[in-house]
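**Student:** As given, the protein sequences belong to chains A and B, one line each in that order.
The first sequence runs 1 to 377 under this note's numbering.
The second sequence runs 1 to 432 under this note's numbering.
Worth flagging that the hints you see were computed from the coordinates, not collected in a lab.
Computed footprint of chain B on chain A, listed as stretches where at least three residues anywhere in the stretch have a Cβ under 8 Å from a Cβ of chain B: (1) 18–30; (2) 133–143; (3) 205–212; (4) 357–367.
Calculated Cβ distances over 10 Å to all of chain B for the following chain A residues: (5) TYR64; (6) GLY98; (7) ALA158; (8) ASN251; (9) GLU332; (10) ARG354.
Ideal Cβ placement from N, Cα and C applies to all residues, glycine included.
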Amino acid sequence: MTAQLPPGLQLEKVDERIMTLNVGPQHPGSGHMRLIVQVDGDYIVACDPDPGYVHRGEEKMAEYRNYITNIPHLERPVIHDSCNILYPYCLAVEEILGLEVPERAKYVRVIASELNRCVYTMYWLAIYGIFLGHSTMFMWPAGDRELLIDLLEKITGARVTHAYFVPGGIRNDLPANFEDVCLRQVNYFEKRIKEYADIFYDNPILISRTENTGILSRQDAIRLGTTGSVLRASGVDFDIRKKEPYDVYENLDFQTNVLQSGDSYARSKIPWLDMLESCRIIRDALKKMPKSGAVRVKLKPNPKGGDVEVYRRVESGRGALGMHVISKSKPEPYRVKISVGSFRNLICMPYLLRGEKLGNMPAVYWSLNYWPVEADR
Amino acid sequence: MSVIAPKFRLGYFIKSLLDNIFWAVVLLTLVGIPAIQILLFYADLPIINGTLLTPFLAFTWMADPSRSIPLIKALMQTDFFRIAAFPGFGFAALLAAGTIFVERKMLAKLQLRVGPFYCGKVEGILQLMSDGIKLLTKEIIIPAKADKPIFWVAPLLFVGTAAAFVSLIPVAPGWVVADIDVGLLAVFAIIGFFPIITVLASWSANSKYPFIGGIRALHQMISFEIPLILSLLGVVILTGTLNLSEIVESQSTYWWIAFLPIGAIVFFTAMLAELERIPFDLPEAESEIVAGWLTEFSGMMYGLVQLGSYVKLYAFAALFVVLFLGGWQGPMLWPPFPEEIINEGITMGPVNAQIPGLPLFSQEMLNGTLWFILKTVAVIFFILLPRGVFPRIRIDLLLHVGWYRLIGLSFVNIFIALGLLYAGVLGPEGIL
Chain A
1 MTAQLPPGLQ LEKVDERIMT LNVGPQHPGS GHMRLIVQVD GDYIVACDPD PGYVHRGEEK
61 MAEYRNYITN IPHLERPVIH DSCNILYPYC LAVEEILGLE VPERAKYVRV IASELNRCVY
121 TMYWLAIYGI FLGHSTMFMW PAGDRELLID LLEKITGARV THAYFVPGGI RNDLPANFED
181 VCLRQVNYFE KRIKEYADIF YDNPILISRT ENTGILSRQD AIRLGTTGSV LRASGVDFDI
241 RKKEPYDVYE NLDFQTNVLQ SGDSYARSKI PWLDMLESCR IIRDALKKMP KSGAVRVKLK
301 PNPKGGDVEV YRRVESGRGA LGMHVISKSK PEPYRVKISV GSFRNLICMP YLLRGEKLGN
361 MPAVYWSLNY WPVEADR
Chain B
1 MSVIAPKFRL GYFIKSLLDN IFWAVVLLTL VGIPAIQILL FYADLPIING TLLTPFLAFT
61 WMADPSRSIP LIKALMQTDF FRIAAFPGFG FAALLAAGTI FVERKMLAKL QLRVGPFYCG
121 KVEGILQLMS DGIKLLTKEI IIPAKADKPI FWVAPLLFVG TAAAFVSLIP VAPGWVVADI
181 DVGLLAVFAI IGFFPIITVL ASWSANSKYP FIGGIRALHQ MISFEIPLIL SLLGVVILTG
241 TLNLSEIVES QSTYWWIAFL PIGAIVFFTA MLAELERIPF DLPEAESEIV AGWLTEFSGM
301 MYGLVQLGSY VKLYAFAALF VVLFLGGWQG PMLWPPFPEE IINEGITMGP VNAQIPGLPL
361 FSQEMLNGTL WFILKTVAVI FFILLPRGVF PRIRIDLLLH VGWYRLIGLS FVNIFIALGL
421 LYAGVLGPEG IL
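The following block holds chain A by itself, in its conformation from the complex (with noise of 0.2 Å):
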């Protein structure tokens, strides 16, 4: 075609058939990424994900502070999740240190990384919803979810950014009173999450959009190297909670939550599930902790490691969360590596999404359980 259109019936790549769109970093869609999709009509026929829009550097930052003060921005990357996020780091560095943790810090902190993975699951199923063009599941969750930061809050002090896990135990022990308060709240908090599942998961439209798209079998699932709630969706029962439990998840009463469907709909309802799991969690921990004892291992100013290097990894909202810490005897880590559910994830999504319809785009992608800011680190 040689003749010049005239303006205003151009269209780039009309001929090829195929269109490129840029989703993201700017658009409602994508969070803090890109997604470059090629879409022929209706269906996507490939999809190339473009993280790194807020790579922040935190693992070279770790290497320039001591263990203590590499705390609080250890936790950035997703301060939802801030509790889980340095979970596996105290417990590495407490292997490096040589530190015996005080049994009802193991309780506190196990409280406390629940609440915290409740609080991000529900900011997740938030835009989970908002993505389906279901604002009510939106409003709900994100207003459900200060329940659980109120409780975080009564217990470290801050809403988000807690920075309350420090190597040898705990910041602070609980307020007075808390077990009744925690107690009330996480009942309340049960009841209504089952709530969703009226509004939600049993909702036929969300059903028949979310069912049988992007499958992810139980092979892909383990080759790809999936973690947490997606791997689970695939019928792989694997939770670092019960696979190599640390601190006291071997004395608690659960159990993992595996569909066999490997679709949208099993991935998305899994993190729903592992909410309920959590309150057992929660309410069972409050009943074993003991009344009273220390908190916290007394540490020395600046503490030295020798020359070891630890792995330690926990399971967090988004799946296995690592952290690689490497001593050389100095009072600053040689290195940090962390190493995250969020990025695992990402990795399946140009093969889920290839071949879908544009419309399950945001169905696949947020079913990922992803967190853009986590996986650029």
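Fit chain B to the given chain A structure using the hints.
**Tutor:** Frame of chain A, contents of chain B only:
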């Protein structure tokens, strides 16, 4: 509740009122009265009935109800009033504004939040006005490669088409802008314009997301127009007319929703899709294609499209009321106008004012309008409700619903209507 609103203080309110009055009086004495007096030097004042018309006399003329009410009545019988104000665009725009307010507050209550709160002292009732002023003052940005004439004219066409739709709706007996015998056919013709305007708007923007949104809108509207039209055939079969006023009058004993519930359901669903409301808001799906075919509109162009879409919402709800819920029909609720005022006038102290031209509207018209508004608001409520309950549907499921379910159901509806007609139950010679 974390929202902290400024408390309403009566003292401050009275003080602000007094301030305004003070400045009005000062400006009037210093500027207004001298200006009027200077102007009066140059103006020839008319002489009426042998008396010179002074400004004071002119004010008394304007304030005299026995003179002004016949004028108002004459104005209300003009075509301009019908087109611009009462059954036409002004009435529809007012109801559309009310719809936006109700939508915001109702969704807020459903979603455990407060909604508009600050503008207009009472529950944010003036929020829409402030939004309108904001849109008016915003810059209008046109994409560089857009086809500018078409892009400019698309929002105006959208509002114009919605207004044309409104003009066919009979609100009360005799109160309709265009009372034509092919009313329903004209409605279909106007509905057929919307996809064309949508495609014009999206294509002329010459941008990717509007293009995808426009194509989606085209798919959606074309595939839902067929069940929309088919679902109304039942009503036409039973009434034997296309005139909307006659269709309303045929429902004086029974509403057609009692005999054709399937048709009503199909029409309602197809209506949601035509209006691009959730769960069928694919052409504006924000998480997929930013704002769909509205992406490149800015400032008042966007405001016009929003106005048009809410006027369209009112028109569709009114059409549902007219066809299935009996239009203006309903028991007489409005009290009759007191006879003694028409016959003897109003006596206020020593003065007796004879006011010809009263009442302005007949009792039947006011009662019909009341019932029409009540039913329309109820239907609008059910159009708004899915937004709080449903997520967005996907395009293939949408087309599946349109082509397989709704068209089949509307044929079932037609067979029900034909059965009722030939069994002699309903229709021109029916027993009911």
